[in-house]
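As a plain string of letters, each chain reads:
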Amino acid sequence: MAKGERDKAGSDVPAGGFVQLLTPDGERFDSATTADGTTYTVDFTDEEYRELYRDLVTVRRLDTEAVALQRQGELGIWASLLGQEAAQVGSGRALRPQDMAFPTYREHGVLYCRGIDPIMPFGLFRGVDQGGWDPNEFRFNTYTIVIGSQTLHATGYAMGVTMDGRTGSADGEAVIAYFGDGATSQGEVNESFVWSGVFNAPIVFFCQNNQYAISEPLERQTRVPLHQRANGYGFPGIRVDGNDVLATYAVTRAALDAARTGQGPTLIEAYTYRMGAHTSSDDPTRYRISSEVESWKAKDPISRLKAFLTKQQLAGEDFFGEVDEGAGKLALDLRERVLAMPDPQPVAMFDNVYPNGSPEIAAQRRAFEDYQASFEGSGH
Amino acid sequence: MAETINLGKALNHGLRRALENDPKVVIMGEDVGKLGGVFRITDGLQKDFGEDRVIDTPLAEAGIIGTAVGLAIRGYRPVCEIQFDGFVFPAYNQIVAQVAKMHYRSKGNVRLPIVIRIPYGGGIGAVEHHSESPEAYFAHTPGLKVVTCSNPADAYTMIQQSIASDDPIIFFEPKRRYWEKGEVDLAGELDGAYPLHAARVARPGTDATVLAYGPMVRVALDAASAAAEDGRELEVIDLRTLSPVDYPVIFESVRRTGRAVVVHEAPGNLGLGAELAARITEECFYSLEAPVLRVTGYDIPYPAARAEEEYLPDLDRVLDAVDRSFGW
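Top to bottom, those sequences are chains X and F.
Mapping to the working numbering: the first sequence position 379 is 422, numbers consecutive.
Mapping to the working numbering: the second sequence position 243 is 236, numbers consecutive.
To be clear, the hints were calculated from the coordinates, so they are not data collected in a lab.
Note that CB positions come from ideal geometry on N, CA and C, so glycine has one too.
Don't take each hint at face value.
Not the full set, but computed from the structure, chain X residues with beta-carbon under 8 Å of chain F [to be verified]: (1) Asp89; (2) Tyr92; (3) Asp160; (4) Ile162; (5) Leu195; (6) Gly199; (7) Val237; (8) Asn243; (9) Phe393.
The following residues of chain X were derived to be distant from chain F, with all beta-carbon distances above 10 Å [unchecked claim]: (10) Ala201; (11) Asp326; (12) Phe362.
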């Protein structure tokens, strides 16, 4: 076991090890080399380290604001990313501009890294729309709620990239599909593995193993570590410390570059932990004990990068304070804009059912409008 | 150049023309390449257009539709073949939860111009899952359009129109009519062709309206010929589009004849016939001389092949329903 690929029977490293460049204490390895001889490293400038820190703090702060908004009755529901910031920022920043992402409904951190206004998913969670934005403008698809379905969309899209001749060089395109540990039990996810392998699709399967599918622990989904599943489909699988933003970035960037240069798919298991509830409707105290949550708190993705920045004297309290302040301002701005979101016009529910419309929908829309108009002036 | 060809060959010609006219059209499905499909509908297309345009897929229906969604987001126009009606259900989630809803979800930003071809219906002596009529499941789903052809000329035009449409379309093919011949104008242009989402009067008549689609149009026409010998002129309407249904044509006919009989192979309970009966009753109430009657498959799983002749609506059952209408 080479330096960096940690494999010890400790509480902070899973059996079999994972790629890690930054320990929970903020110790930095120059590189990590896996059993098959692949070496991972990052080469960030001081400024880039600081910006990663800013990303992590910002996405957590926005998430905290969303949780508060839900508790105050301003959102119908919220799926918090708390604890998964490094997995999302590390992979999100590893994407190149031409790459395409297919998210679940929890990828607010990736969305932020794609340069999308963080308010975009709030239409969905506030209940004013279904979360629509233009995937081709942002290179980030709409949120997908049915578990695992988007992995097939990503696979088809990646097949299209190949058909367009956009792989095989350093400026080629790659696709990333996000999903969780629970999704790995879905037939569609396994079908997407089959198809990607068979068609050598330029895709990275990015599994955030946050240890729980709502209440069900990983053991209810698998007998083997998830990254090992890739062997059966004929492409590499690798496990990375998902709370380590540096290692996540390094592993994802390498896998995306392999895909864009024509080397086919990779499965990445980002080993992390959902610190919060599955959604605001969930009560995790019913299925997990607080000592487990505490042990993961010690592996927090933000505090380890902060410790690293401090030890390396790359940043000090002034910087950390400024980052907190900036994130707070963004959160306040987000809050104000969410509160100002107008409710949809009821008649708009008839919009966009079909690209070419339908006489039946048009007739129902007219009838609805007439019905609504019949109340005008009645005082109701 | 009008040619006399069978319905399956007409679909093959239509697919070929779509592949020729638009480089973004791709055909995908199980055995559609080298084999040309189990019914040979895609015969010869992979040889002429290559493995990237006519894709032999892994044996996974959800995968066929799910990857078609991704290809469509990428700008392609996938034409998916589901090998048999009863095999569509593994793909049901992708069709109903994704294909049907993506345009709505994305506020119109994402169009999925996907055609899903499904050979359907019985009458070929097949084993279980090879003879079903699942059209109502899809017609019930907002966001999908559903069409079905009944003759070679329509098959040739409608498959091309479906591929050219930006709406997701479930294209039901009456498999037992694949070998039925008819005249097809292979040089015919889509511009000015009979519209895709329009019903057509297949035989004009004055005494009762028989509504049928897909494989049952032939049965309805045969029934009309037999009725004519008894002095009853049945008007047969080929629905062609099941979602949306082209109601104005139907209402106009029923207001004229005062009687309506709906014929389909699918089970009657909550089938297309139920909706048609409700709508006709609502819109033509004062013109009706009798309730709208239905001639359908029974509310049972599709029976074993040696019993299917008794299950499928036939000429006699249609005429029996017409008699009941007149006897009301």
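Against the structure, the hints come out as follows:
no.: 1; hint: Asp89; in the structure: 39 Å, violated
no.: 2; hint: Tyr92; in the structure: 35 Å, violated
no.: 3; hint: Asp160; in the structure: 15 Å, violated
no.: 4; hint: Ile162; in the structure: 15 Å, violated
no.: 5; hint: Leu195; in the structure: 3 Å, holds
no.: 6; hint: Gly199; in the structure: 2 Å, holds
no.: 7; hint: Val237; in the structure: 5 Å, holds
no.: 8; hint: Asn243; in the structure: 13 Å, violated
no.: 9; hint: Phe393; in the structure: 10 Å, violated
no.: 10; hint: Ala201; in the structure: 7 Å, violated
no.: 11; hint: Asp326; in the structure: 27 Å, holds
no.: 12; hint: Phe362; in the structure: 39 Å, holds
When held up to the earlier numbered hints, the structure conflicts with 1, 2, 3, 4, 8, 9, 10 and fits the remainder.
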